[in-house]
Amino acid sequence: MRPPPLISADRLDSDATTGLRRSEARGARRYECDICGGEFEGEPAGSGLFVWTRGDEVRYEEPPLCEECASKVTLGALMTWDAEEEDEG
1 MRPPPLISAD
11 RLDSDATTGL
21 RRSEARGARR
31 YECDICGGEF
41 EGEPAGSGLF
51 VWTRGDEVRY
61 EEPPLCEECA
71 SKVTLGALMT
81 WDAEEEDEG
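Residue numbering for the sequence shown follows the numbering used here, beginning at 1 and increasing consecutively.
Hints in this document: simulated from the structure, not taken from any laboratory. Source: prediction; values computed, not measured. Be a bit skeptical, because a hint or two may be false.
Claimed, not checked - Pair by pair, the computed Cβ-Cβ distance ranges are:
hint	residue 1	residue 2	range
1	E86	V51	36 to 42 Å
2	A28	F50	23 to 29 Å
3	S71	R30	16 to 22 Å
4	G27	T53	36 to 42 Å
5	D56	G76	29 to 35 Å
6	G27	A77	17 to 23 Å
By construction, the Cβ of each residue, glycine as well, lies at the ideal position given by its N, Cα and C atoms.
The task is simple: from the sequences and hints, build the whole structure.
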């Protein structure tokens with residue numbers, strides 16, 4: 001059995017109210033979703049993952065995603081993985 005694909009992971013605090021209080025206290029940081037281009041405040045709901053190489057150097061980039069896009073990417077990856085599992089079995 002193959003391991004699950006690398007997908008976006010939640011970056012929200014387990015206690016969402018504590019996270020909200022922290023962001024309000026220090027001023028919420030603004031982000032732009034890498035998929036839809038929408039702006040949002042607070043921590044990203046997830047991130048994409050780009051990996052590329054230049055010579056011997058490996059570079060990683062994790063662009064922020066809004067809650068809606070992070071959910072869509074996660075569900076899409078899980079559905080693709082499930083479909084591939086059915087094709088193999």
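Exercise for the section: Look at the Cβ atoms of A28 and F50 and judge whether their distance stays inside 23 to 29 Å. Expected result: holds (25 Å)
Problem - Range agreement (Cβ of A77 with Cβ of G27, hint 17 to 23 Å) - result: violated (33 Å)
Exercise for the section: Take a look at whether the Cβ-Cβ distance between D56 and G76 falls inside 29 to 35 Å. Expected result: Given range 29 to 35 Å: holds, Cβ gap about 33 Å.
Exercise for the section: Given the hint of 16 to 22 Å, check if S71 and R30 actually sit that far apart at their C-beta atoms. Expected result: At 20 Å between Cβs, range holds.
Problem - Range agreement (Cβ of T53 with Cβ of G27, hint 36 to 42 Å) - result: For G27 and T53 the Cβ distance comes to about 37 Å; the hint holds.
Handout entry: E86 versus V51 beta-carbon gap, inside 36 to 42 Å or not
Key = violated (27 Å)
Checked against the numbered hints given earlier, this structure breaks hints 1, 6; the rest are met.
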